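Q: Sequence:
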Amino acid sequence: MNFGDAIVAFLNIGLFSSLVSRFTGANTAILVFCSLLYLGCEPVETVGIMLTYLVFMRLTIYTQKKKLNFKHLQVFKGYKVFIPVFFILVSLFVYPFAALAIFLLLFMTEILAQMWADVPEEKRASRSQITGWVVTGSILTTIAMIAVKFIPEDFYYIIGGIAGFLICVFFYWLGQDRDRLSGIWDKIVLLSFIPLGLFGFDLADWLDDMRRHVNSTLIAYNLPFIFLPVFFIGFLMANILFGIFSLSGLVITFFGALGLRLFGYYEMSRKGKANLVSLGFTVLAILLLLITAPEPTGVSKAVDAFLPSNHYGFTGILNMF
39 MNFGDAIVAF LNIGLFSSLV SRFTGANTAI LVFCSLLYLG CEPVETVGIM LTYLVFMRLT
99 IYTQKKKLNF KHLQVFKGYK VFIPVFFILV SLFVYPFAAL AIFLLLFMTE ILAQMWADVP
159 EEKRASRSQI TGWVVTGSIL TTIAMIAVKF IPEDFYYIIG GIAGFLICVF FYWLGQDRDR
219 LSGIWDKIVL LSFIPLGLFG FDLADWLDDM RRHVNSTLIA YNLPFIFLPV FFIGFLMANI
279 LFGIFSLSGL VITFFGALGL RLFGYYEMSR KGKANLVSLG FTVLAILLLL ITAPEPTGVS
339 KAVDAFLPSN HYGFTGILNM F
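Mapping the sequence shown onto our numbering, position 187 (from 1) lands on 225, and the numbers just tick up by one.
None of these hints come from the bench; they were simulated from the model.
Please read these numbers as outputs of a predicted model, since none were measured by experiment.
For glycine and all other residues, C-beta sits at the position ideal for the given N, C-alpha and C.
Treat the hints with care, since some could be wrong.
[Stated by the list, open to error] Computed spacing ranges between beta-carbons, pair by pair:
#1 G170 x Q214: 27 to 33 Å
#2 I197 x D43: 23 to 29 Å
#3 F141 x G116: 14 to 20 Å
#4 W211 x A331: 24 to 30 Å
#5 N40 x M153: 37 to 43 Å
#6 D217 x N40: 26 to 32 Å
[To be verified] In the DSSO-like style, the derived pairs of lysine-lysine whose C-alpha atoms are separated by at most 27 Å in a straight line are:
#7 K161 x K105
#8 K187 x K225
#9 K225 x K311
Starting from the given sequences, assemble the full structure and let the hints guide the process.
A: This is how it looks when you write it as structure tokens:
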């Protein structure tokens, strides 16, 4: 597949995944994952694309209601904003990926600061709790990401498809009783970062939809402050471990965000009940993936070659051995 065909394929994935998810509630990340494998992406490529897509799309989702005004920043207010701007400009000539990462960090910090102000004080977790959850989630994501390198390419789509199907079954089971697993809900949330690192599955919305009747911890009310930082760290680790700077992921994100702006975003009910339509469409995408049995061809390499992450030939720590 040449560069032009690959770009068109990726923009279709971004736009139509957002469109299907908007009207059905299907898990957008699983739809994109299935589409990437169907297209011929390799396992490590897929995870890198997914993590790039997720961190940008989460920011897009959160800015649907929270607009970022650079004249009224909360964390980098006044002249402080020139500190990250300086490092962004320097990084463009030293390590281009770092420039994008610093911009994302600035954007993410300001959006989360605005969202934090809207959380009722009695529902706010302490900063030490959130830090602990983010660290744990990041470690699980990174370990799972490393494991991808050792999964045989020809079996990756099977493992990912089965994992996605089991996740759908699990959420259906959860939705039958709103008190089910409420005592270990924080552990359920943290365990969701394992499929994030393995396949790029974002389960934040479904977990939010399955909010328990009684929450033993405050984690259910603080999901954005956990998931977005973990996505960002996963995005960084994809570059550090594998040298991934995914133009493919950015293309999918751009058209996914376009679909989001045009059609809106599916709002979760938070009633703790399974949405059979969303589960059904997600399972359908997984079944189509398993039936087609795609072969990895490294299709995204034709696109990503146009966006080197550095000028030194660094291809990631794990690719050095």
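Q: Under the criterion that the straight-line Cα-Cα distance not exceed 27 Å, is the pair K187, K225 satisfied?
A: Since the Cα atoms of K187 and K225 sit roughly 26 Å apart, the hinted pair holds (cutoff 27 Å).
Q: Determine whether the Cβ-Cβ distance between W211 and A331 falls within the hinted range of 24 to 30 Å.
A: Taking Cβ atoms as reference, W211 and A331 lie about 28 Å apart, which means the hint holds.
Q: So the hint says 37 to 43 Å: do the beta-carbon atoms of N40 and M153 match that?
A: holds (42 Å)
Q: Quick check: does the Cβ-Cβ distance between F141 and G116 fall within 14 to 20 Å?
A: Between F141 and G116, where Cβ atoms are some 19 Å apart, the hint holds.
Q: That 26 to 32 Å hint for D217 and N40 (C-beta), does it hold up?
A: Check failed, 54 Å falls outside 26 to 32 Å.
Q: Take a quick look at whether K161 and K105 sit within 27 Å of each other, Cα to Cα.
A: holds (23 Å)
Q: Is it true that the CA of K225 sits at most 27 Å from the CA of K311?
A: Status holds; Cα separation ~20 Å.
Q: Kindly confirm whether 23 to 29 Å is satisfied by the beta carbon distance between I197 and D43.
A: 28 Å Cβ-Cβ, so the 23 to 29 Å window holds.
Q: Assuming the hint says 27 to 33 Å, is it satisfied by the Cβ distance from G170 to Q214 or not?
A: holds (31 Å)
When held up to the earlier numbered hints, the structure conflicts with hint 6 and nothing else.
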